[in-house]
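Each chain, written out:
There are 4 protein chains.
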Amino acid sequence: MSAVVHDQAAPSALDLRERYGEVRAFTEYLAAPLSAEDQTVQSMPDVSPTKWHRAHTSWFFETFLLQAYLPGYRPFHRDYGFLFNSYYEAVGPRYTRSQRGCVSRPGTGEIAAYRHHVDEHMARLLTRDLDDRISYLVDLGLHHEQQHQELLLMDIKHVLSMSPLDPPYAYPRRPAKPAPRTQAAVSWTRCDGGVVAVGHSRPGFSFDNEGPRHEVLLQPFGLADRLVTCGEWLEFIDDGGYRTAGLWLSDGWAAVNEGGWDAPLYWRCDDDAWTVFTLHGRRPVDPAEPVCHVSYYEADAFATWARARLPTEFEWEVTAAGQPVNGQLSGRDYVHPRPQPAPSFYGEAWAWTASAYLPYPGFRPATGAVGEYNGKFMVNQHVLRGGCCATPPGHIRGTYRNFFPPAVRWPFTGVRLAKDI
Amino acid sequence: MSAVVHDQAAPSALDLRERYGEVRAFTEYLAAPLSAEDQTVQSMPDVSPTKWHRAHTSWFFETFLLQAYLPGYRPFHRDYGFLFNSYYEAVGPRYTRSQRGCVSRPGTGEIAAYRHHVDEHMARLLTRDLDDRISYLVDLGLHHEQQHQELLLMDIKHVLSMSPLDPPYAYPRRPAKPAPRTQAAVSWTRCDGGVVAVGHSRPGFSFDNEGPRHEVLLQPFGLADRLVTCGEWLEFIDDGGYRTAGLWLSDGWAAVNEGGWDAPLYWRCDDDAWTVFTLHGRRPVDPAEPVCHVSYYEADAFATWARARLPTEFEWEVTAAGQPVNGQLSGRDYVHPRPQPAPSFYGEAWAWTASAYLPYPGFRPATGAVGEYNGKFMVNQHVLRGGCCATPPGHIRGTYRNFFPPAVRWPFTGVRLAKDI
Amino acid sequence: MSAVVHDQAAPSALDLRERYGEVRAFTEYLAAPLSAEDQTVQSMPDVSPTKWHRAHTSWFFETFLLQAYLPGYRPFHRDYGFLFNSYYEAVGPRYTRSQRGCVSRPGTGEIAAYRHHVDEHMARLLTRDLDDRISYLVDLGLHHEQQHQELLLMDIKHVLSMSPLDPPYAYPRRPAKPAPRTQAAVSWTRCDGGVVAVGHSRPGFSFDNEGPRHEVLLQPFGLADRLVTCGEWLEFIDDGGYRTAGLWLSDGWAAVNEGGWDAPLYWRCDDDAWTVFTLHGRRPVDPAEPVCHVSYYEADAFATWARARLPTEFEWEVTAAGQPVNGQLSGRDYVHPRPQPAPSFYGEAWAWTASAYLPYPGFRPATGAVGEYNGKFMVNQHVLRGGCCATPPGHIRGTYRNFFPPAVRWPFTGVRLAKDI
Amino acid sequence: MSAVVHDQAAPSALDLRERYGEVRAFTEYLAAPLSAEDQTVQSMPDVSPTKWHRAHTSWFFETFLLQAYLPGYRPFHRDYGFLFNSYYEAVGPRYTRSQRGCVSRPGTGEIAAYRHHVDEHMARLLTRDLDDRISYLVDLGLHHEQQHQELLLMDIKHVLSMSPLDPPYAYPRRPAKPAPRTQAAVSWTRCDGGVVAVGHSRPGFSFDNEGPRHEVLLQPFGLADRLVTCGEWLEFIDDGGYRTAGLWLSDGWAAVNEGGWDAPLYWRCDDDAWTVFTLHGRRPVDPAEPVCHVSYYEADAFATWARARLPTEFEWEVTAAGQPVNGQLSGRDYVHPRPQPAPSFYGEAWAWTASAYLPYPGFRPATGAVGEYNGKFMVNQHVLRGGCCATPPGHIRGTYRNFFPPAVRWPFTGVRLAKDI
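Protein chains in written order, with the numbering used here: chain A, 1 to 421; chain B, 1 to 421; chain C, 1 to 421; chain D, 1 to 421.
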């Protein structure tokens, strides 16, 4: 995180207190439907147990705020720093990531106590006059926790999918709005290109990887006004998309063959009928919904098949800049992509972009542990834009750069097409 | 399991009812100190979650008794047959063994209900007149469940050891009896060899692999009257045992180097002081206790270092034949090897033998699913004898053949020496 | 390969005949010092045996020229299409890449005969009037063979390095020119940035991935006028570069720890003295030489340590555009980086760039098998620029885009720094 | 190797000189048809390159004879001790076994020179008066080289099988004797059991693992008077043998599924016709030949299917004791199992036994490096008896114990049935 972030307008202490309470409570709200067993499982190395998310987000506040700025603060437990550090080398050694699911103790009870302990002490810290650095770190901690709220949902979806019982995370408490059963054809939002400015301009919070704001040169292009749907994906499948080497990147074709991929993750075909496992149980694939849980490789192959291409992250950003955030983000009742009104540039499913995740010109990771937040991951990943149905409201913005390796499928990842014009 | 077992004296229905209740209750007693989180974790592929053990032992009764012999019985859940079949190919496909820890649902609550459901229906079955086949299968199911009681303890020990908190499974509820701090030197129980009979002779229950009873020819030998102690093992370590290739089998030396072994599993050296993780927490290594959690490779290397050898399974059996079962088996209060009175041939820790696990002359695995119980594992394993501190009382006997691959260390495995005389 | 390449000026048949002879002969010249044993070994999956390179380059002409355009041509051997296809899915199945070193037959003798057979028939084809498509494909085949000449050298270096005998590929037949033992400090060639054109503009041969030519917007920058030297790398090592997590990308730090990296590939430290294995045997590290055989991760960490950064591929291209190709490329006598005159932008060692290997705007891979040449590798790799001491003269140019995954170290890969100004 | 071997009658120096020349020459005879490329390849970790076998057998004489007993002897090359030590920990470190195929230099020429150098110096040693220890070690070295002659053939068969060209090692120089196209039904050689003596009794050479001679108690049994044939194996295949879990050991069934086994190694089914790759090229499966290249798992499953069992090693030894060595061993013209006259107990294919490879009562591996020859492999393997078509004549005997892990298929391994009577 660059030192330059300090010149942003600091949130007021009052505002931070309120938001602290809300954000922390929303994590607990998301974990509430989950049993102790659910919260313990790590279904693959990429996934973390729910109770680990709950603890790690608390560790972030304990480590970077309470230990640093609350005089006399004593850590809740001497082993938690080791257990709940995710990847901060500067903070010290940590428990092997791939074995987080081997730790039964501390259990959910101890972790609830840990959260409570951190919250109580954070309340004390937040009553004080906060300088910009502290305000910034609290703000960062809240955005960090929101990211883990999304991770918690995508991780628990993978965990639950391992059971042959197809258990739902939650039943919809109110019915989803009736949606169009077919989706309108794509319209292309056109842009003439030229020199345009991208990246975050303060004030307002942003992660360090969103800046510095700078100019790039774009060629004329069109961007689809909605995501690719399941119906379109079924056409791709039916046309032999997963069996046609010529559509795929070489690494993608290897992944198809090694993984035995023949559809998005969580899809299954029984007796010629496709169903999909969702956080609300298994149900028929809805052709009108945006497709979700596809890798970059699949997104790219689909685009090739569709005689289009994936957009760059800047094509997306420039187009979305003037658009409302009208899509579905993480709500309290329903966590699955819904058919989109058009045009819609946010929500439902993250859009893979053709852009590798690299630093913007002038980017410098900060010295200090929080400098490890983003910069050290800038290789072997692609940028995704726009948020998804598991992104907390208020967390997404036009300059937000999410990133994943090209083979992953367990996040809520979808496809938005672009084309040259 | 051979058809020949039918000629054993069948236990009475009354006896079976009583024992059914006791054995099933003891499983729940063992699981009682464990949280839902503890019961969910699978810390390595060899380990099964506690809740899986509780369910699988119920599945055994449901599959081989209730579905076969209780008219009108309907399975508790259509997916449990898939989830809780361990390895019976004849019964159908099953959930991947190494991913048992990925299944959060059914949780401990559903599994308690499953056990209750099975118990209720078994009670109905056990009120009826039982033919020999049914009696035999109930008896088998109870011995099967006792085996899983031991597995449950060795598995949960491994699970708990993964936490840096060194959490105890249970605190001793009454203090262990004061034990001698040093152990008397070994005495050798001598046998002149010759043609002797080994294997199980009915009546009484035995597993199919314990028979047929047959004669073998032994050379004269001496068998140590107690297990190797931790104090003796410390001498082996101090003498460079783990760094001297010449003491080791070739596969053993590879295991030492790949695994970085320098002491038994669960031992750790901090500031020159050895401690050991036990089911009652971490504590100093006690030189008087039998050493435990060593592989066959380590047992063999130790024997070579001690200018002795491991006994064959028949040397053990012939010597133990006339001896009382005076060692510590699984009790209600304490699960860790205790210093032994001498002579003592049972309990504390299983003794690795030099005998590969192979069928006795005339052994035939039965047709039918329960025939998969033992016979199909008769390769790549060694026989262990004598039971351990986690073996349920009444479960061990002089002909009992336990077996494990030579590299494992998570069972309660120890060493008893033999020598030629 | 895009159809658009056809509008380039086609080389004359006379010119092609002559160049065909020269290029094919140079491959044999490079293989001449190698024994049949040398030519058979595959020392890791990335490496191909020399005899495979000799055969595969012939297969390219046989498949795309002789079988397609020489009437009545019959393949040399029915199994060679399977054995020597590298990765062209459209052409058919192929031998497992990682097992190329398991094939002893055909041997070097059969492969010499294969090359002769292809050359004889190519001579017939090249006497005819060639249309643009054929001329283009011959030209492509020659550039393809030149790429394999470089691969042959980097691969055989890895093969020879596996022998404890440190065998040289070739003894220098004439002594290397005396070189400065210390290297002048870096000067920075400055560029004001702005909108600039990059990519290949015809006429003249280029690979499809070098176009279309297009405009990009650059920020002001400075580019080092020489590569990083071994002397500078020794400072990085001495300063703990390989032990300082904060300098590394996360994937890079994992590679350091998994691979036990503490210096560039082929370096070894005995009694505090660093030596390096070269194609001319093992010898002391020369501080004045450009450093070579470092991964992208190491290049990036070094740049961070040096308070600089890696250039983008366009920063390199714009700077090198007006510069002479004055560095050392692959000659007949010496294959190792030499100390550079300054400024020097070509030769010695490929410069890793910060640019991910991605398509240029408007790039479309062609339909047909040769369309698999470049486009399908455009993910998970970084661009390298400038050629190296193993690049055939005439093969490099300012728009040339080489590419490798970030973890590789066996190519002749080095580092050129850039900085913001 | 036990000290007790010294009391055997030492071979005379004259006899040893002659045999030394013959054995060493036969190795070169076997390698003669192989190109430098053939001799370099290691097709899997278990396989060693031919040139490695040629060098390692020379290293044995150089290390244990010339360096130990020929005053003033200087090793041929300072790196060969490292390169050509197989597994003798006591002699020092060695090159990674699985990478023997990565070493192109020294090549076949240098290794021929190495053999010549060793032979010249051995000739000097063998002109002297030899004490028993030296005579014993020379004798051991010759038997060691004979073992590698067999390994050389089974290894090169695997190497050649990797090429889609199905290249023959050698064309039969004279036609195989016409053989019966069908094989007579098995007869069972009966034995009443009882206490019998097994193991080697001197004089005459034996490996340490063949002793001490001792008594064992056998039950009555019958042993098949010939090996299982390919025709019988085809019945097993046609009856679904490879698809019937109930026939297999658990580890065997896992191997079937992981390896995709559906026939012996080297068999292939094209258009319903089975062919087999042999050292003389690919050809139709001959139903009358003994089946070869099956694992212990397959042998055991076949025996179960045939309602028989595998013999113990002692059942084989007692039966074969009075029988002539009338089968085909390694000759100069043909290396493949031939249909057997009955009864026949030696040659064609090694017979898997039900006996795990364990020490005989009283076995002690010697101190010193040659003590690593056999004893340290006594775990995780099964004993095979009787020799095969690649065993040098004079090398096999009734007490000879060969051993392999149960999953291997590349040796010349077959099946002989036994049954209880």
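For the record, the hints were derived by calculation from the structure and aren't laboratory data. Note that the structure is a prediction, hence the values are computed from the model and not measured. Yeah, the Cβ is synthetic: ideal placement off N, Cα and C, and Gly gets one too. Check before you lean on any hint, since a few could be wrong.
Here are the simulated DMTMM-like cross-link-like pairs (lysine to aspartate or glutamate), alpha carbons at most 20 angstroms apart as the crow flies [to be verified]:
id	chain 1	residue 1	chain 2	residue 2
1	B	K419	D	E232
2	A	K419	C	D46
3	A	K376	C	E215
4	D	K419	D	E232
5	D	K376	D	E22
6	A	K376	C	E232
7	C	K419	C	D129
8	D	K376	B	E258
9	D	K376	B	D251
10	C	K376	A	D119
11	D	K419	B	E215
12	C	K376	A	E232
13	B	K419	B	E232
14	C	K419	A	D225
15	A	K419	A	E232
16	D	K376	D	D46
17	C	K376	C	D132
18	A	K419	A	D225
Computed Cβ-Cβ distance ranges for the label pairs, DEER-style [claimed, not checked]:
id	chain 1	residue 1	chain 2	residue 2	range
19	D	P220	B	E235	25 to 33 angstroms
20	B	R78	D	P220	49 to 57 angstroms
21	B	P284	D	Y69	46 to 54 angstroms
22	C	Q323	A	R97	55 to 63 angstroms
Derived, one-sided and incomplete: chain C residues facing chain D with beta-carbon distance under 10 angstroms [what the hints assert, rightly or not]:
id	residue
23	T40
24	L137
25	D139
26	L140
27	H143
Structure-based check of each hint:
With a C-alpha separation of about 46 angstroms, the suggested pair K419 of chain B and E232 of chain D falls outside the 20 angstroms cut-off, and the hint is violated. A threshold of 20 angstroms between alpha carbons decides the hint, and for K419 of chain A with D46 of chain C the separation of about 35 angstroms lies outside it, so the pair is violated. A C-alpha spacing of about 29 angstroms is found between K376 of chain A and E215 of chain C, which places the hinted pair above 20 angstroms, so the restraint is violated. Proximity of K419 of chain D to E232 of chain D is assessed by CA-CA distance (about 17 angstroms); at most 20 angstroms being required, the pair is judged to hold.
Annotation: proposed proximity of K376 of chain D to E22 of chain D is violated, straight-line Cα distance about 30 angstroms (limit 20 angstroms). Of the pairs offered as hints, the one joining K376 of chain A and E232 of chain C is violated, with about 23 angstroms between alpha carbons and a cut-off of 20 angstroms exceeded. Distance check on the hinted pair: K419 of chain C and D129 of chain C sit about 52 angstroms apart at the alpha-carbon level, beyond 20 angstroms; violated. Among the hinted pairs, K376 of chain D with E258 of chain B is consistent with the structure: their alpha-carbon atoms are about 17 angstroms apart, no more than 20 angstroms.
Distance check on the hinted pair: K376 of chain D and D251 of chain B sit about 8 angstroms apart at the alpha-carbon level, within 20 angstroms; holds. Only pairs whose Cα atoms come within 20 angstroms are accepted, and K376 of chain C paired with D119 of chain A is rejected, the gap being roughly 51 angstroms. The straight-line distance between the Cα atoms of K419 of chain D and E215 of chain B is roughly 18 angstroms, inside the 20 angstroms bound, and the hint therefore holds. Proposed proximity of K376 of chain C and E232 of chain A is contradicted: the alpha carbons are some 23 angstroms apart, above 20 angstroms.
For the hint linking K419 of chain B to E232 of chain B, the alpha-carbon distance of about 17 angstroms falls within 20 angstroms, and the restraint holds. The hinted pair formed by K419 of chain C and D225 of chain A fails the criterion: a straight-line CA distance of about 39 angstroms is larger than 20 angstroms. Distance hint between K419 of chain A and E232 of chain A is fulfilled; the C-alpha atoms sit about 17 angstroms from each other, no more than 20 angstroms. Under the criterion of a C-alpha separation no larger than 20 angstroms, the hint pairing K376 of chain D with D46 of chain D is consistent with the structure, at around 17 angstroms.
As the CA atoms of K376 of chain C and D132 of chain C are separated by approximately 25 angstroms, the hinted pair breaks the 20 angstroms bound. With a CA separation close to 12 angstroms, the supplied pair K419 of chain A and D225 of chain A stays within the 20 angstroms bound. As the Cβ distance of P220 of chain D to E235 of chain B is approximately 48 angstroms, the hint placing it in 25 to 33 angstroms is violated. Remark: the range hint 49 to 57 angstroms for R78 of chain B to P220 of chain D is upheld by a beta-carbon distance near 51 angstroms.
Roughly 53 angstroms separates the CB atoms of P284 of chain B and Y69 of chain D, a value that falls within the hinted 46 to 54 angstroms. For Q323 of chain C paired with R97 of chain A, a C-beta distance near 46 angstroms fails the hint of 55 to 63 angstroms. For T40 of chain C, the suggested interface contact is upheld, since its CB lies about 4 angstroms from the closest CB of chain D, less than 10 angstroms. Residue-level restraint check for L137 of chain C is violated (minimum Cβ-Cβ distance to chain D is 27 angstroms; threshold 10 angstroms).
Look at D139 of chain C: its Cβ only gets to about 31 angstroms from chain D, farther than 10 angstroms, so that hint breaks. Restraint check, L140 of chain C versus chain D: the minimum CB separation of about 27 angstroms is more than 10 angstroms; hint violated. Proximity of H143 of chain C to chain D is violated relative to the hint, the smallest CB-CB distance being about 29 angstroms (cut-off 10 angstroms).
Checked against the numbered hints listed earlier, the structure breaks hints 1, 2, 3, 5, 6, 7, 10, 12, 14, 17, 19, 22, 24, 25, 26 and 27; every other hint is satisfied.
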